[in-house]
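Spelled out, the chains give:
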Amino acid sequence: MAADSTATVDDAVDVGRGLDALDTPTEQRVPLWKRFLTGVVPPIVAVVLFVVVWQILWASAIWPEFKLPSPEAVFGTIGQDFAEGRALDIIWTSISRAILGFLLAVVVATPLGLLVATVPIVRSAIGPILTGLQSLPSVAWVPAAVLWFGLTDATIYFVVLMGAVPSIANGLVSGIDQVPPLLPRVGFAMGASRSQSARLIMLPAALPGFLGGLKQGWAFSWRSLMAAEIIATSPSLGFGLGAYLNEGQSLSDMPSVMAAILLILIVGIGVELLFFRPAEVRVLRARGLGTGP
Amino acid sequence: MTATLERSGPEPRTGPPALDVRGVSKVFGTGRDAVVALDGVDLAVAPGEFVCLLGASGCGKSTLLNLVAGLDRPTSGTVETTAARPAVMFQEAALLPWLDAGRNVELPLRLAGIGRAQRRERAKELLALVRLEGQAEKRPHELSGGMRQRVALARALAAATGLGGEGKSREEAGVLLMDEPFGALDAITRDVLQAELLRVWEATGTTVLFVTHDVRESVRLAERVVLLSSRPGRVVREWATAGADDAEELHGDITGELREVISAHGR
Chain A
1 MAADSTATVD
11 DAVDVGRGLD
21 ALDTPTEQRV
31 PLWKRFLTGV
41 VPPIVAVVLF
51 VVVWQILWAS
61 AIWPEFKLPS
71 PEAVFGTIGQ
81 DFAEGRALDI
91 IWTSISRAIL
101 GFLLAVVVAT
111 PLGLLVATVP
121 IVRSAIGPIL
131 TGLQSLPSVA
141 WVPAAVLWFG
151 LTDATIYFVV
161 LMGAVPSIAN
171 GLVSGIDQVP
181 PLLPRVGFAM
191 GASRSQSARL
201 IMLPAALPGF
211 LGGLKQGWAF
221 SWRSLMAAEI
231 IATSPSLGFG
241 LGAYLNEGQS
251 LSDMPSVMAA
261 ILLILIVGIG
271 VELLFFRPAE
281 VRVLRARGLG
291 TGP
Chain B
294 MTATLERSGP
304 EPRTGPPALD
314 VRGVSKVFGT
324 GRDAVVALDG
334 VDLAVAPGEF
344 VCLLGASGCG
354 KSTLLNLVAG
364 LDRPTSGTVE
374 TTAARPAVMF
384 QEAALLPWLD
394 AGRNVELPLR
404 LAGIGRAQRR
414 ERAKELLALV
424 RLEGQAEKRP
434 HELSGGMRQR
444 VALARALAAA
454 TGLGGEGKSR
464 EEAGVLLMDE
474 PFGALDAITR
484 DVLQAELLRV
494 WEATGTTVLF
504 VTHDVRESVR
514 LAERVVLLSS
524 RPGRVVREWA
534 TAGADDAEEL
544 HGDITGELRE
554 VISAHGR
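Residue numbers (the numbering used here), protein chains in the order written: chain A, 1 to 293; chain B, 294 to 560.
No lab work stands behind these hints: they were computed from the structure. Treat the hints with care, since some could be wrong.
Covered stretches of chain A (in silico footprint by chain B; criterion: 3 or more residues with CB under 8 Å from a CB of chain B, positions within the stretch not fixed) [as the list claims (entries may be wrong)]:
id, segment
1, 149 to 163
2, 185 to 192
Selected chain B positions facing chain A (in silico; Cβ < 8 Å) [stated by the list, open to error]:
id, residue
3, L364
4, D365
5, A405
6, A452
Quick caveat: nothing in here was measured; it's all calculated off a predicted structure. Here a beta-carbon is modelled for each residue, glycine too, at the ideal position from N, C-alpha and C.
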C-alpha cells in the first residue's frame, strides 16, 4: 500500500505506458533480399544441381539412352509439346478435372467434417472409417470405379472424391478439435446464438486446420486423378497428363515419360505455391503463428 | 493518494440488487461420486458495488461466477440479475486471434446486431477508456499480456453496457464478472491493471463481482470482501473495506480467517 499511496495518478499512467512500450512484442521484418536469399535461391540451386548430376550420369553412359535420356531430350520434348500447343491442352484437361473434383470434394467434405466434429455419435460411428480411408491409396478404387461407372468421367471424379474427401473432412475435424474451449465459452457469455457461434467463432478459429486439410486434399485430388488417368485410359476420357504418361510407356518413349512426370510434378507444386501457400501464410500471419521462411 | 483511499466512499445504494444469489447449491456428479461445490450460498450485490469473492482453490468461486454468468445452472436456488446479460472476463484474455483489438471489442455489439458505424465508435471509446487509444488495429499477438487483458476488459464493458451513452442509471451500467482476471500477469502489470480497473469502475459505475484468491488484491479493489469456504463452498464471513481504517489490519484479519478455513480441511 505504501508504494501506491505516494504515487500520483500521472505516475501510474506513465508506468502503464512504460509497461506497454516494454512488453509489446517486437516483430522483426526480414528484408526482401534476405527472404529471396533464404527462400528462393536454395530450391533453384537444388534443381540446377539435380540437372547437372543427371547430365553427368547421362554423359557417363552407364545406362542405355532408352532408359536414361538426356535432360536436353526431355526438356526438348516438353518444349516441342508446348510449341505444338498440345501440352497446354493436356495440362488443361487434367487441371480442370482436378479443380472440379477438388471443389466437389470440398462441397462433400465440409458438411461431413462439421457433422463428425460436432455430433458425438456420428464421430464414433464414422470418425475411424474416415481416418482409415486416408491411408487407403485411392488407386485401389480405380478397378471398382471402372466396373461401376465404366470408362466415363464419373469414374475419374469418384476416385478423386475418395482420395480428397477424407483429408479435407479430417482437416476440418482436427481444426475444430483444436479450438481452445474458452473461445466458444466467451462467445456464449457474450450472448452468441448457436449459429453465430459457429459462423463468427468456431469456423474462423478452425480455419488453420481446415486450410491444412484443404492443402492435403488438393494433393490427394491430384494424385488420385493421375492414378485414375493412368489406369483408366480411353478416347472417351480425353487426353490428360496421366494418359500422356501411359502413352509414353506404351510407345517406350522415355523422354515423353519423364516429361509427363515432370509436368505432373510442376503442376502439383505450382498450385500449392500459387494458391495454398499464400493463403496459409496470410491466415497464420494474421494470428501471429509461425509461418516458416 | 491511493486508489482505494481516493474513492469517494459508497453512495447510499437503494433499489433492488444488481445481482441476487439466493440459496444456490451446485452438485457435480450423482450418487457416491457427487461433489457439493456450493451449498446454500446467499449473496446480494448492490448496483455499482464492487464485491470480491475470496477463497482458496476448490471453494467453488469460479463455479458461482459461472452460475451468475449463465454458463451453468444451479442444482437448487435462484440467481437473479438486473442486467440482461452479465459480462465475463477470464484469467486468459481469450481474444479472438484473427480479429484486431477493435473488432474484438466490437464483437459483443456485433452479436447484439448493432450496426458497424455505431459499434466502431463505441469500441474506440472503450479502448480509450482502457488507455489503448490508437491500438484498435493491432492484433492480439502484437500486444503485451497486460494490453490484451485491457482489450478483454473493454470487450467485457461493451458486452455489459452495450452502446453506453450519457445519463444512464446505475442499473443500466451493467454487471461485470471477473474470474481472477489478473492471475496470469506479472506483479507490476497486475498492480497497474488493478489501478486501471478501479478507475474504469469509478468512471462507468458498473457493478463488479471479482473472484480472486489473493487477499491483498481483494482488499485493494473491493468495497466488500466475501470469504467462501471450500468443499462445500459456503459464505463464511464478509468485510466492508471502507469501514476499516487500517488496510494492513484488515488484510491480517482476512488472511487469518482464510488460513483457518483452509486448515480445517487438513484436520
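Compare the structure with the hints numbered earlier in the document and write down the numbers of the violated ones, lowest to highest. As far as the earlier hints go, 1 and 4 are violated by this structure, in ascending order.
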